[in-house]
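Fit chain B to the given chain A structure using the hints.
Residue numbers (our numbering), protein chains in the order written: chain A, 3 to 430; chain B, 3 to 430.
One should not assume that every hint holds.
Same chains, same names: a pair is fine if it fits in one copy or spans any two.
Cross-link-like lysine-lysine pairs, in silico, BS3-like; alpha carbons within 30 angstroms at most [as the list claims (entries may be wrong)]:
| hint | residue 1 | residue 2 |
| --- | --- | --- |
| 1 | K253 | K298 |
| 2 | K292 | K166 |
| 3 | K285 | K206 |
| 4 | K21 | K236 |
| 5 | K236 | K206 |
| 6 | K297 | K285 |
| 7 | K253 | K236 |
| 8 | K253 | K206 |
| 9 | K206 | K166 |
| 10 | K298 | K285 |
| 11 | K21 | K285 |
| 12 | K166 | K297 |
| 13 | K285 | K166 |
| 14 | K253 | K292 |
FYI, nobody ran anything at the bench for these hints, they're computed from the structure.
Number of protein chains: 2
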Amino acid sequence: MNVGLQAPAPADLADYAWKTALRARQAARQLAVATGAQKNDWLTRSAALIRQRTPALLEANERDCTAAQAAGLSAALIDRLRLTEARLEGIAQGLEQVATLPEPVGEIFASNVRPNGLLVTRVRVPLGVIFFIYESRPNVTVDAASLCVKSGNAVILRGGKEAKASNRALADLLVEALGDAGLPRDAVQLVDTTDREAIGHFLKLRDQIDLAIPRGGRALIERVTAEATMPVLKHFDGICHVYVDASADLKMAEDILVNGKCQRPGVCNATESLLVHRDVAGKFLPQVAKTLRAKKVELRGCERTRALVPEARPATEDDYRTEYLDLILSVKVVDSLDEAIEHIETFGSHHTDTIVTNDLSAANEFTARVDSAAVLVNASTRFNDGGEFGLGAEIGISTDRFHARGPCGLQELTSYKYVVHGSGQIRS
Amino acid sequence: MNVGLQAPAPADLADYAWKTALRARQAARQLAVATGAQKNDWLTRSAALIRQRTPALLEANERDCTAAQAAGLSAALIDRLRLTEARLEGIAQGLEQVATLPEPVGEIFASNVRPNGLLVTRVRVPLGVIFFIYESRPNVTVDAASLCVKSGNAVILRGGKEAKASNRALADLLVEALGDAGLPRDAVQLVDTTDREAIGHFLKLRDQIDLAIPRGGRALIERVTAEATMPVLKHFDGICHVYVDASADLKMAEDILVNGKCQRPGVCNATESLLVHRDVAGKFLPQVAKTLRAKKVELRGCERTRALVPEARPATEDDYRTEYLDLILSVKVVDSLDEAIEHIETFGSHHTDTIVTNDLSAANEFTARVDSAAVLVNASTRFNDGGEFGLGAEIGISTDRFHARGPCGLQELTSYKYVVHGSGQIRS
Numbered sequence: 003m004n005v006g007l008q009a010p011a012p013a014d015l016a017d018y019a020w021k022t023a024l025r026a027r028q029a030a031r032q033l034a035v036a037t038g039a040q041k042n043d044w045l046t047r048s049a050a051l052i053r054q055r056t057p058a059l060l061e062a063n064e065r066d067c068t069a070a071q072a073a074g075l076s077a078a079l080i081d082r083l084r085l086t087e088a089r090l091e092g093i094a095q096g097l098e099q100v101a102t103l104p105e106p107v108g109e110i111f112a113s114n115v116r117p118n119g120l121l122v123t124r125v126r127v128p129l130g131v132i133f134f135i136y137e138s139r140p141n142v143t144v145d146a147a148s149l150c151v152k153s154g155n156a157v158i159l160r161g162g163k164e165a166k167a168s169n170r171a172l173a174d175l176l177v178e179a180l181g182d183a184g185l186p187r188d189a190v191q192l193v194d195t196t197d198r199e200a201i202g203h204f205l206k207l208r209d210q211i212d213l214a215i216p217r218g219g220r221a222l223i224e225r226v227t228a229e230a231t232m233p234v235l236k237h238f239d240g241i242c243h244v245y246v247d248a249s250a251d252l253k254m255a256e257d258i259l260v261n262g263k264c265q266r267p268g269v270c271n272a273t274e275s276l277l278v279h280r281d282v283a284g285k286f287l288p289q290v291a292k293t294l295r296a297k298k299v300e301l302r303g304c305e306r307t308r309a310l311v312p313e314a315r316p317a318t319e320d321d322y323r324t325e326y327l328d329l330i331l332s333v334k335v336v337d338s339l340d341e342a343i344e345h346i347e348t349f350g351s352h353h354t355d356t357i358v359t360n361d362l363s364a365a366n367e368f369t370a371r372v373d374s375a376a377v378l379v380n381a382s383t384r385f386n387d388g389g390e391f392g393l394g395a396e397i398g399i400s401t402d403r404f405h406a407r408g409p410c411g412l413q414e415l416t417s418y419k420y421v422v423h424g425s426g427q428i429r430s
Numbered sequence: 003m004n005v006g007l008q009a010p011a012p013a014d015l016a017d018y019a020w021k022t023a024l025r026a027r028q029a030a031r032q033l034a035v036a037t038g039a040q041k042n043d044w045l046t047r048s049a050a051l052i053r054q055r056t057p058a059l060l061e062a063n064e065r066d067c068t069a070a071q072a073a074g075l076s077a078a079l080i081d082r083l084r085l086t087e088a089r090l091e092g093i094a095q096g097l098e099q100v101a102t103l104p105e106p107v108g109e110i111f112a113s114n115v116r117p118n119g120l121l122v123t124r125v126r127v128p129l130g131v132i133f134f135i136y137e138s139r140p141n142v143t144v145d146a147a148s149l150c151v152k153s154g155n156a157v158i159l160r161g162g163k164e165a166k167a168s169n170r171a172l173a174d175l176l177v178e179a180l181g182d183a184g185l186p187r188d189a190v191q192l193v194d195t196t197d198r199e200a201i202g203h204f205l206k207l208r209d210q211i212d213l214a215i216p217r218g219g220r221a222l223i224e225r226v227t228a229e230a231t232m233p234v235l236k237h238f239d240g241i242c243h244v245y246v247d248a249s250a251d252l253k254m255a256e257d258i259l260v261n262g263k264c265q266r267p268g269v270c271n272a273t274e275s276l277l278v279h280r281d282v283a284g285k286f287l288p289q290v291a292k293t294l295r296a297k298k299v300e301l302r303g304c305e306r307t308r309a310l311v312p313e314a315r316p317a318t319e320d321d322y323r324t325e326y327l328d329l330i331l332s333v334k335v336v337d338s339l340d341e342a343i344e345h346i347e348t349f350g351s352h353h354t355d356t357i358v359t360n361d362l363s364a365a366n367e368f369t370a371r372v373d374s375a376a377v378l379v380n381a382s383t384r385f386n387d388g389g390e391f392g393l394g395a396e397i398g399i400s401t402d403r404f405h406a407r408g409p410c411g412l413q414e415l416t417s418y419k420y421v422v423h424g425s426g427q428i429r430s
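Isolated chain A (complex conformation) (with noise of 0.2 angstroms):
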């Protein structure tokens, strides 16, 4: 256990909030040297102790849940909070999974030899400190730290006051599979007050904390963004579009878009606005809509959609610019590419947006042109996460475009050091 993390008194969170962070510094500068074999051991172990530990923690869940329902949380957020014994187990399979994908730190991965014969070659290192602020699911307790620790950073966790007792729970399991693995155990702190004043002190830590990781809702993450003084990596609204151009095969356009907004509507990279090109909206709009009506999502539509679909309900300006999260989607029949590429641009949220086309021309102008983390040709927004893209694992979707954009996995978490090779080069 973390015995140096004592909950304290208000009037300490400056004090405490620099002395996690720079025992986090500490544990970052023997973690950055591990070897790839001490991480994945202390991944296996951790996944292990879960397995062994399920009845305590669910006993530490069941606590959280019954001050939820006392508090009178909803039951969806109740559901996100409630860990059972399969989720457990997914959450093990999830660390052992991370103790399978290649080790990051280390790998050389671009080099050159300058003609005087020094060979200058980029090495992937550990960014350092990362504080990593999130909501209620205990789950990403231990997603967001395998991902850290894996990738040779320092975490400091600051989880949801609902999931308290859980989070707790896990981060002491964590800490004692370090030991066990013989790595620092500061190398995963879990802040142990929930005053949200404490937020604020780790967020002036420049110097202590190299990056800030907000997961979570719109208000927190603005929050984050405005108070912190080291870099974000931000996850925004996703305000994804599907745009079916006129010669696009209309089957595959509505398999497209009906994923896109069904399979899990309440995700980032679920489909919010469909653009339809005018030459086909007469033979597409009235199907689709057939099929999205059976599946009970609500069409919120420009005048030309309701004239061809009239259950559609008028759509303001404000819904192209709402992510739903829900079982609505907002359409518009545009005369052009280029006009649905403008409605893009400026109603998007430069998340993910698919055109559905069988004409290259317009597949390359919507490529080029639509500035957003991902941009796909004939495939449902919601393939736009690490495990789709092959990157193994994900600690969330960057909206910045600055040092990660898109799906940020281990390399993601990561920086880079030239080592250059001579055998007395000198300048001259």
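For chain B alone, coordinates are given in the frame of chain A:
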């Protein structure tokens, strides 16, 4: 000429910054899809205009130099400010050199095919809008603009007031060449006011400006870092070390040390501190002190150094933390490689550090544990430079860990997006 850019009244600075950034954003959208040929055409046209307008450029520069003399600026500062025919030719050749570099935008730098047939590619795209803040040297106006625009970014330039007329003349010429090359003229905008308040207004525009790059003294960089709401690419001090290991070839060590200290002492990758293993100190220090004395280098050493080199002044802790940028060298005798690494991590600035050794395990340990942007084996610290590392050109040497570390060339001024090619895939 940028007719929209009139020096505003201080009360209008916020509005001025906003409108300038908005124009830059528009230009960036067009520039992002410009071809390499267009951008290279702009670079060669700009070079031609510099040669053609040399008399007018020298005249504008003369006004700056006269004003600087009247204001009592030092001869060194005035020398940095001064343009000559030869320097302008150098600037023109720099533009032509950037034109020869490979096109960074659109490069697919990673890809993988997923089991379901999706082709996932990562494509280099511009960052967007860059705010570049610099001090006296007018050539930076051209260098910065050339790299930003070649990498597809719009740039807002804010130079020092001493170079006001020179910067204006150079920027007008760059803008004229943008128009001639069919590129948006707002891709390069020079901030017309030298009111220091203006910088603060630009630094608030998180949604309009994607990156701020301060280039100059520590005070400027610290101000920009403190006020910026967008990412900042910093380059702080270089407190660069040469560590002479017990197994070093002492002739090689002397060459590397003298080159690092004396070849150009005023730059960030100059050597500032020498660490010598005790086993070779007795042989190495008296010999190298003789060489350095002949080159007028002042030595400041620890007790053991002074026992071997009596003319060395005593070094304080502050000496070991100082970037002299002058013919001064701090010296310390250490008991082990471990002590050398600890010293570098404690007193260095994570910029550039060299080990001179013939011991493979010492080289490996040094490169693994020294956490600097560039770690060299048997080569001068002076090599940490974009040109020397093969980047073609550089906009600075980042001391950050996030996004870009070490020399920053065209690639480091880009972001990426995922472009995914499917044939109707949906997620199950």
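Checklist entry - Which numbered hints are broken by the structure, listed smallest first? => result 2, 3, 7, 8, 11, 12, 13
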